[in-house]
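Asker: Sequence:
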Amino acid sequence: MRYDEKPGPVKCERDARLEKALTLFTNFCDCYLKRSSRILSKIPPANDFKVGMKLEARDPRNMTSICIATVVGITGARLRLRLDGSDNRNDFWRLVDSPDIQPVGTCEKEGDLLQPPLGYQMNTTSWPMFLLRILSVSEMAPATFFKKEPPKPPVNTFKVGMKLEAIDKKNPYLICPATIGNVKGDEVYITFDGWSGTFDYWCKYYCRDIFPVGWCRLTGDVLQPPGTH
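Residue numbers (the UniProt record's numbering): 1 to 229.
Simulated from the structure, these hints should not be mistaken for laboratory data. All C-beta atoms, glycine included, are put in the ideal place defined by N, C-alpha and C. Please note that a few of the clues may not be correct.
Stated by the list, open to error - Each computed EDC-like pair below joins lysine to aspartate or glutamate, with the alpha-carbon atoms no more than 20 Å apart: (1) K54 to E110; (2) K148 to D97; (3) K147 to D209; (4) K204 to E149; (5) K148 to E110; (6) K54 to D100; (7) K170 to D87; (8) K54 to E139; (9) K170 to D200; (10) K147 to D221; (11) K54 to D91; (12) K147 to E110; (13) K159 to D193.
Claimed, not checked - Between beta-carbon pairs, the in silico distance windows are: (14) T179 to R89: 23 to 33 Å; (15) D112 to L218: 31 to 41 Å; (16) P128 to D193: 46 to 56 Å.
Take the sequences, apply the hints, and build the full model.
Answerer: Structure follows, in structure tokens:
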């Protein structure tokens with residue numbers, strides 16, 4: 001069709017149907033999120049962090065150890081963190097309301113010590129001076145940026161076939177469309193739409209890696225398209 005031609009009745013009808021479908025989908029997501037927000041508290045929490053800010057975080061490879069970490073990436077309500085003294089091979093993601101992160105100074109107030117990360121690349125005797133040096137020139141994330149974790153839902157109300165959005169644990173920077181494939185007690189089986197099962201996993205129904213439909217649309221995260229396998 002040339003640019004000076006008017007769209008025919010078939011195209012107009014198709015565009016009208018598409019617009020109506022998009023409106024219905026948007027309204028569905030809005031209704032779903034309004035209902036869900038009563039259970040999941042505020043959805044989503046505000047993310048005020050900036051790349052380069054320092055905080056304290058639990059080492060995911062040794063959860064009893066609290067270390068200094070740097071925000072090296074931000075997407076939606078999540079932070080990509082790197083433990084100071086480690087490298088990018090051990091980066092990990094946390095929500096801004098995760099109990100695994102806290103303001104710098106929390107350890108000291110509670111009488112604990114900040115630890116070097118597992119696999120600290122320098123001599124451990126250099127850790128105190130290393131810590132002093134990085135903290136003296138860094139921007140600390142304000143305490144107001146850390147959000148309270150929402151309460152855990154009291155029971156598992158998931159059913160097979162329900163749709164959701166879920167983090168790909170093999171590629172944790174990705175959030176993908178998913179379906180509940182099975183339910184056993186307090187665990188749910190996450191299956192990724194369009195994939196053959198390579199990335200599927202079991203998790204608790206209150207796992208922080210799964211989100212209601214529409215989460216990415218609200219946070220600004222990129223929801224990956226379904227697979228083709």
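Asker: Hint by hint, say whether it matches the structure.
Answerer: A quick look at each hint next to the structure:
Of the pairs offered as hints, the one joining K54 and E110 holds, with about 18 Å between alpha carbons and a cut-off of 20 Å not exceeded. At most 20 Å may separate the alpha-carbon atoms for a hinted pair to count; K148 and D97 meet this at roughly 5 Å. The hinted pair formed by K147 and D209 meets the criterion: a straight-line CA distance of about 17 Å does not exceed 20 Å. Proximity of K204 to E149 is assessed by CA-CA distance (about 16 Å); at most 20 Å being required, the pair is judged to hold.
For the proposed pair K148 and E110, the alpha carbon gap of about 18 Å is at most 20 Å, so the pair holds. Proposed proximity of K54 and D100 is supported: the alpha carbons are some 14 Å apart, at most 20 Å. Distance check on the hinted pair: K170 and D87 sit about 18 Å apart at the alpha-carbon level, within 20 Å; holds. For the hint linking K54 to E139, the alpha-carbon distance of about 6 Å falls within 20 Å, and the restraint holds.
A distance of roughly 10 Å separates the Cα atoms of K170 and D200; the hinted pair therefore holds under the 20 Å criterion. As the CA atoms of K147 and D221 are separated by approximately 19 Å, the hinted pair is consistent with the 20 Å bound. Under the criterion of a C-alpha separation no larger than 20 Å, the hint pairing K54 with D91 is consistent with the structure, at around 14 Å. Simply put, K147 and E110 have alpha-carbon atoms about 19 Å apart, close enough for the 20 Å limit, and the pair holds.
Among the hinted pairs, K159 with D193 is consistent with the structure: their alpha-carbon atoms are about 16 Å apart, no more than 20 Å. The given range of 23 to 33 Å is respected by T179 and R89, whose C-beta atoms sit roughly 32 Å from each other. For the pair D112 and L218, the beta carbons lie near 35 Å from each other, so the given range of 31 to 41 Å is met. Look at P128 against D193: about 50 Å separates their beta carbons, and that is inside 46 to 56 Å.
Hint compliance for this structure: every hint is met.
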